[in-house]
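Participant: Chain residues, written in single-letter form:
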Amino acid sequence: MEIKGSRIESLRKDLSRLLGGGKVRTEPEDLLAYSSDATRYYAQGKPEAVVLAESVDDVCKLLRYANQYAVPVTPRGAGSGLSGGSTPIKGGIVLDMKRMNKILEISKGNMTARAESGVVLANFHRAVEKERLFYPPDPQSMDVCTLGGNVACRAGGPRGVKYGTTPNYVLGLEAVLPDGSVMNTGGISVKQANGYNITQILTGSEGTLAVITKVNLRLLTLPPDRKTLIIVCDSAQLAAEMVSRIIYEGVMPSVLEYLEVGAIWLMNTYSPIPVAQDGQVYLLIELDGTAAVIAEDIGMIKSLSEKMGAREVKIIEDKKQADGIWKARKNLSPLILRIFQKSISEDVTVPRDRIPEMVRAVREIGALLGVPTGMSGHAGDGNIHPGVQLYEITPEMEQKAEEAIRLMIEKGIELGGTISGEHGIGLHKSAYIEKELGKAQIELMKRIKYAFDPKGIMNPGKIWTEA
Amino acid sequence: MIGDLEHYRGLVEKCSHCALCEAVCPVYLEDMLETHVARARVDIIYQTLYKKSMPVTPRVREIIDRCLLCTSCTQDCGGAVPVHEIIITARAALYGGRRRNPLRDYFTRTMMAKRGIKGFPAFMLAAAQKLHVAPEGFPHVSLRTFDSLYHGSYPPTGKKRAKVAYFTGCATNTMDVETGVAVMKVLGHNGIEVVIPDKLMCCGIPALGEGDITTAQKMVRNNVAILAEQEVDAIIVDCTSCGMMLRSETAKLLPADDPLLAKAVALSPKVFEVTDYLNTIGLAVEPGPLAESFTYHVPCHRGWTPTLNEAPLQLLASIPGLRYSAMEEPEKCCGAGGAFFMDYSDLSRGIRKRKLDDITGTGVAVLISQCPGCRSDLSAGLGKGWKTAHPVTLLRRAYGL
Ligand SMILES: Cc1cc2nc3c(=O)[nH]c(=O)nc-3n(C[C@H](O)[C@H](O)[C@H](O)COP(=O)(O)OP(=O)(O)OC[C@H]3O[C@@H](n4cnc5c(N)ncnc54)[C@H](O)[C@@H]3O)c2cc1C
Ligand code: SF4
Ligand code: SF4
Numbered sequence: 001m002e003i004k005g006s007r008i009e010s011l012r013k014d015l016s017r018l019l020g021g022g023k024v025r026t027e028p029e030d031l032l033a034y035s036s037d038a039t040r041y042y043a044q045g046k047p048e049a050v051v052l053a054e055s056v057d058d059v060c061k062l063l064r065y066a067n068q069y070a071v072p073v074t075p076r077g078a079g080s081g082l083s084g085g086s087t088p089i090k091g092g093i094v095l096d097m098k099r100m101n102k103i104l105e106i107s108k109g110n111m112t113a114r115a116e117s118g119v120v121l122a123n124f125h126r127a128v129e130k131e132r133l134f135y136p137p138d139p140q141s142m143d144v145c146t147l148g149g150n151v152a153c154r155a156g157g158p159r160g161v162k163y164g165t166t167p168n169y170v171l172g173l174e175a176v177l178p179d180g181s182v183m184n185t186g187g188i189s190v191k192q193a194n195g196y197n198i199t200q201i202l203t204g205s206e207g208t209l210a211v212i213t214k215v216n217l218r219l220l221t222l223p224p225d226r227k228t229l230i231i232v233c234d235s236a237q238l239a240a241e242m243v244s245r246i247i248y249e250g251v252m253p254s255v256l257e258y259l260e261v262g263a264i265w266l267m268n269t270y271s272p273i274p275v276a277q278d279g280q281v282y283l284l285i286e287l288d289g290t291a292a293v294i295a296e297d298i299g300m301i302k303s304l305s306e307k308m309g310a311r312e313v314k315i316i317e318d319k320k321q322a323d324g325i326w327k328a329r330k331n332l333s334p335l336i337l338r339i340f341q342k343s344i345s346e347d348v349t350v351p352r353d354r355i356p357e358m359v360r361a362v363r364e365i366g367a368l369l370g371v372p373t374g375m376s377g378h379a380g381d382g383n384i385h386p387g388v389q390l391y392e393i394t395p396e397m398e399q400k401a402e403e404a405i406r407l408m409i410e411k412g413i414e415l416g417g418t419i420s421g422e423h424g425i426g427l428h429k430s431a432y433i434e435k436e437l438g439k440a441q442i443e444l445m446k447r448i449k450y451a452f453d454p455k456g457i458m459n460p461g462k463i464w465t466e467a
Numbered sequence: 001m002i003g004d005l006e007h008y009r010g011l012v013e014k015c016s017h018c019a020l021c022e023a024v025c026p027v028y029l030e031d032m033l034e035t036h037v038a039r040a041r042v043d044i045i046y047q048t049l050y051k052k053s054m055p056v057t058p059r060v061r062e063i064i065d066r067c068l069l070c071t072s073c074t075q076d077c078g079g080a081v082p083v084h085e086i087i088i089t090a091r092a093a094l095y096g097g098r099r100r101n102p103l104r105d106y107f108t109r110t111m112m113a114k115r116g117i118k119g120f121p122a123f124m125l126a127a128a129q130k131l132h133v134a135p136e137g138f139p140h141v142s143l144r145t146f147d148s149l150y151h152g153s154y155p156p157t158g159k160k161r162a163k164v165a166y167f168t169g170c171a172t173n174t175m176d177v178e179t180g181v182a183v184m185k186v187l188g189h190n191g192i193e194v195v196i197p198d199k200l201m202c203c204g205i206p207a208l209g210e211g212d213i214t215t216a217q218k219m220v221r222n223n224v225a226i227l228a229e230q231e232v233d234a235i236i237v238d239c240t241s242c243g244m245m246l247r248s249e250t251a252k253l254l255p256a257d258d259p260l261l262a263k264a265v266a267l268s269p270k271v272f273e274v275t276d277y278l279n280t281i282g283l284a285v286e287p288g289p290l291a292e293s294f295t296y297h298v299p300c301h302r303g304w305t306p307t308l309n310e311a312p313l314q315l316l317a318s319i320p321g322l323r324y325s326a327m328e329e330p331e332k333c334c335g336a337g338g339a340f341f342m343d344y345s346d347l348s349r350g351i352r353k354r355k356l357d358d359i360t361g362t363g364v365a366v367l368i369s370q371c372p373g374c375r376s377d378l379s380a381g382l383g384k385g386w387k388t389a390h391p392v393t394l395l396r397r398a399y400g401l
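Residue numbers (the working numbering), protein chains in the order written: chain A, 1 to 467; chain B, 1 to 401.
Bound-form chain B, shown alone (with noise of 0.2 angstroms):
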């Protein structure tokens, strides 16, 4: 279980010492400095928290939260080692669910329950992103939230040919309400019957960051329990970590005697992100042209399918007159990581400025991802003249719904 530290002793030890890690952490890469790499942020683990033959000092707890969670030293780890996890559960132990300030920690727990900011802070938000005292890159919130427009079920237009339940995470939530508008229309359009379950949390990827299992374990609990209820061929999601939270790290939250691990186990092949689905079992109606060119960035978290990466392409050059322009390295990190722009700035500026070049490189004005994390921090650095969006938009408009 993910947060046990005696778990993750074997796989800790598992790490061979390749350094192959070295070439995909893009903390290391921007830091130059070898204790930043995955290799040696599980030896540090492994000699504070395992063999304790060395004190936790400042310096170690910088090492352990200097890291984006991005997995992809885990995605690359010929020897398996689940770093990401080693590391969650490094910041569990250390810190208990407390790792930030009260305020922050209110935020993960409570506010995130309730899947995004709404209501009075909602409004305090959109106050200070007015009077430009919020921090850059924070997503602009929605005073009309995608659950306040949509709750039941949405029968397709034309033949039905699936019902899927469709999560929707805290950022499509109260922030990016278009994309969640978007998916419910392709999806309608395409013939796939629609279920927005009620009482949904947020997925928990948030506070299992943080290290605070409790309350992740809280909202993994709520969601299996209301998901594995529905029936339905497949659980949609529109954004990268929440599907990586509900496909791969969801049962690994549980401990081997819950009762609602083997639903939860059950449930994760079900899960999707939106494209992916709909590249799956194919468009049921040919989309009209757009004469635009894109690019596109791939989410860091997008280890839980093999064809995540390669299925919004896929999808879209269905759509003619469509064109898209490579970056030269469309998966590189973007360095937002949910909130680490904001604690590490100058590290994350430093990641992303690379990920900005490449971008604009590309010499097209439309950029494409299915983090809405990634978006709203690249679409800040971008500035005026770009529009990020998620791929399922561009269906929607060449659609004309």
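Looking at chain A on its own, in the form it has when it is part of the complex (with noise of 0.2 angstroms):
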């Protein structure tokens, strides 16, 4: 079946009717708010409707309705993502998930807790901390992001070094499929063999296959104490070196960063960071666990900085100040952007052992094509974020900028790595997948998806390009 006249005003009065007013918005402005997500530059094109969910029964009325008139629609949950996975470019509706966010269960018998889909992640931290629980997975953007945003991109963070990422925390999902029909995958035991797994299938999905409207993950317990410190060195070599040395002696850091000298004088005008500012790399470290093991774990990284001949090991010891240098962290990206008119952050990981290469690699292509590159990012898992940023935004730098971030996702492709260590594929990355994967495989994730959604009505356009 097909809309007839204006679907803008077909799908207010419609969803409206469905949905009750108050959950629709079809005004040029509220469009326009729901056209991209953290990568503004990924917007080409605007919902056609913005459908606010509060129940799982809101989520399965609008589904049924889209698919009977084969109406795109994207799951959204805080729009941070980089992607541009819940940009709407096909138009449709976009489907803002955050109003869902109750957390329905935290059980500290079996370690696990059930959420809405839109909980804001930092939300999510601050109550299973409260019960002296712990969810590791991290991304910066943990103070805006929601889990449904974490399970659909499978986002990690900082963290992942030691923990993970989210993947290793989803047991079970709730998800309602284009028809209207709801399912309840996995569950919440920490061990299942039930045939295949479909809550893993959905984890990573970026909404191209169901709406995911509840979730259920597996914690672990909080750690008594944590220490923050920073190594300085004098060149990238020798950081990208110690990183890869410090695991293998036995440290395993609770993040490990691997921050240039940019990003740390940039990160210092939001919250002092008291090191010296004329390093090349700086190690931003945190250890967690009991106060005994971080202080072995701070001896031997001590001794191994100075054998392999690191400037300083800076342990921060007042807490505040630690509690700033992290904010600073998270808020690297728009600082950033107080000197470059536009930046993008790369999200190829590679294995531990090949950052030296990675490093060597991305300032090569940076001088080849005179665009400044960066690098700050979670070291310690390979994921080192390199990037381009412009000062000016012009055609040509443009192109020289897609150019750079073709040779870097090469380059991370020849190194044994992959082109999304957390980010996701979306528009950003779509071009690439097949070369990472395969064909057969990427005609399997088509055969999957038709599975799920046969008339293509989520989030239409992402993850592969249409032929």
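Accuracy of the hints is not assured; some may be wrong.
What the hints assert, rightly or not - Straight-line distance between alpha carbons at most 30 angstroms, and here's what the computed DSS-like set of lysine-lysine pairs gives: (1) A:K320 to B:K14; (2) A:K449 to A:K90; (3) A:K455 to A:K90; (4) B:K332 to A:K319; (5) A:K130 to B:K353; (6) B:K14 to A:K46; (7) B:K52 to A:K90; (8) A:K327 to B:K270; (9) A:K102 to B:K332; (10) A:K13 to B:K52; (11) A:K108 to A:K46; (12) B:K353 to A:K90; (13) A:K46 to B:K353; (14) B:K332 to A:K320.
Stated by the list, open to error - The following label-pair restraints were derived from C-beta to C-beta distances: (15) A:Q399 to B:D4: 33 to 39 angstroms; (16) A:L220 to B:G282: 43 to 49 angstroms; (17) A:G21 to B:E229: 43 to 49 angstroms.
None of these hints come from the bench; they were simulated from the model. Using N, Cα and C, we set each Cβ at its ideal position, and we do this for glycine too.
Work from the hints to combine the two standalone chains into their complex.
Facilitator: Structure representation (structure tokens):
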């Protein structure tokens, strides 16, 4: 069936009748607000309606309607994605999930939690930590991004090095299929061997298969203590080598960030960082565990740093100061824009021992093309976020930036890495995925997509480019 | 300059669309609609007033109006996008200083120039409040104003340690005279000479909020000229919004060729909120005990000095027996937003509701805050049994002054 007449007007009328007027917006200003995620440059079209779901029932009704009339639906969390994933490039309906923000259960006995998918990650952290429980995934957008968005993109963060990323904690999901039926995948058992792992197929599905409405997550106990330290290195090579060595020597930091001096300098303008500002690369580290274990780890890091020739190891004793540094780290992407007009943060991830090669390659690519590049990220798991920054946006610079990104991605694949460690594919990487995964896998993905969503209404145009 | 669209073009374009402001915008958190978060507001201003790719519709006005100017987004923005200044500038462009009905505009323009509601209007308002026809949460006016009690110079008791000028805001002048008296007594007791300069006007923040740049400039010019003449170590305010205005916005309101600009810039670092000042120079006299418990609401307009947040707590920690019980989110907005609580009362009440729950959860019955607007609106919400006060009044009592 097709909608006749003006689609925006029809959607407004039909959806308001179906869901109640307060949950539907179609004014041009609202459509603009929902046209892009954190990568505004990928905004290529506006939705024709925005729906603010408040219950599973709302989602079911909406999907049944959209499926019947073949209207595209793009699920949306906070719109903080960095791949253009929640941009509705084919128009249709953007489904804002943030009003579904209740934490339903935190079980100390089972060490699991169940929550609606619109819960903001930082609120979830606070709630479980009150019970002395711990949910490690920590994408740096945690103050706004949603659990649903995290699951849909397989989000990670600095703590990934020790604790893994979102998929390691997803035990089960409630999801609504495009035909409006509700399914509960997985469960709350920490081990499951019950047929195809549909939970993990939805994890990383980027809104292209179903709408995730509830998540069951595994929890750990909260480490009793944590400490922040910074290692100042005079060369990128040394810093990259230290990353592998620290871990090899048996210290597993909960966070191990690789930050170039420019990043430290910017962060210092946001919150004071008490280290020399003329190093080359800084390793920002957090250790967690009991005080005794942390003290032992610090001893090990200090002696290793001395042996390998690092300039300084600074322990941040003041908790407030440490919090300030981590807050500045969270704000690094917007901070970069204080200097540059545009910044594209890449997400290529390489095996840890290939970091030095990647660092060299990224510098060479920048020099070759004459574009500023930078690298700051989660080195502990090989996800050092190489990026391109532009002082001004001109067609020529944009083209160079695109070329630089392409070369970085190809280098990443060549080094045995992946094109995306945590941001997902969305629009940004859709041209490269076949290169990494091969045709056969993409064809299989398309068949899986068809099985979930035969009419192709769910977030169309993402993950792979259409022939 | 605030009000100059071109000046803000580059800053508007700086917004990275990172979405991190979703965590702090009280209006967004209540409406749960992304159109009302700073990221979208800035984009809509960009499309309508700069690129002119979209017309200015009533919905655009609503998006620009439905903002508390709380500055939470500006304070947190890693990209240093001065969102509240952009919104004020957009209001100036849209309304040219006539955002409200003539009576309201008269209020911000004329009455505030005289620093608050005095004389006959004060009498009328007091009558309206007696008859319960004034808006709930509107502060009670005092018929005896602060400036009728104090003017000129007040030498300290004991050894003189410093000399300050006290900029008394409109609220203290006409509604919360008790706070003004406490400031005078506590400063004097601590060896600080206080001057009350004559002919000061409102700091200009209410006019600025309306996008009425001309009126705000008039007030600012008047105040800068007077304050620059004072030979003092510091300029003290008790109201964090007056302080923000004097310290960080005044200079931004003067054009580059204005002869007063240099004076405004020179004044800025001298401006302190009273507890912040006392905490910086230290108390000369130890306060006596107070067997009470209090909680502390940190006003949103706190970003203009880094120490303002903690100052009352550090200062009051010197009072033996006084106990502090923290809210879960002491920095969360109360929703009052100057006159916002009258224009968007449902929304404002919704924001206040969360704050009230947090306050009552502390189990105490005394609330301190350095913003008279927050105090008045929260006090109306809390009802009987609660005392709301400026932190300096606790100090006054501890001194037995
Ligand atoms: C400053 C900043 C720092 C960041 N740091 C990190 C980081 O350290 N690590 C990291 O991994 N990412 C990071 N990100 C990227 C981003 O925040 C994450 O990808 C996050 O998981 C996105 O969540 P969201 O709620 O904003 O989802 P959105 O951006 O709204 O959506 C992302 C994708 O998920 C889909 N989706 C959302 N909700 C649902 C649902 N309920 N059901 C089905 N599909 C859904 C959307 O369709 C879209 O494809 C950062 C972003 C910013 C702006
Ligand atoms: S206003 Fe600041 S915090 Fe908000 S989206 Fe723009 S850059 Fe990010
Ligand atoms: S000033 Fe306050 S209300 Fe206005 S957009 Fe910023 S955070 Fe929201």
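Participant: What hint numbers does the structure not satisfy?
Facilitator: 11, 12, 13, 17
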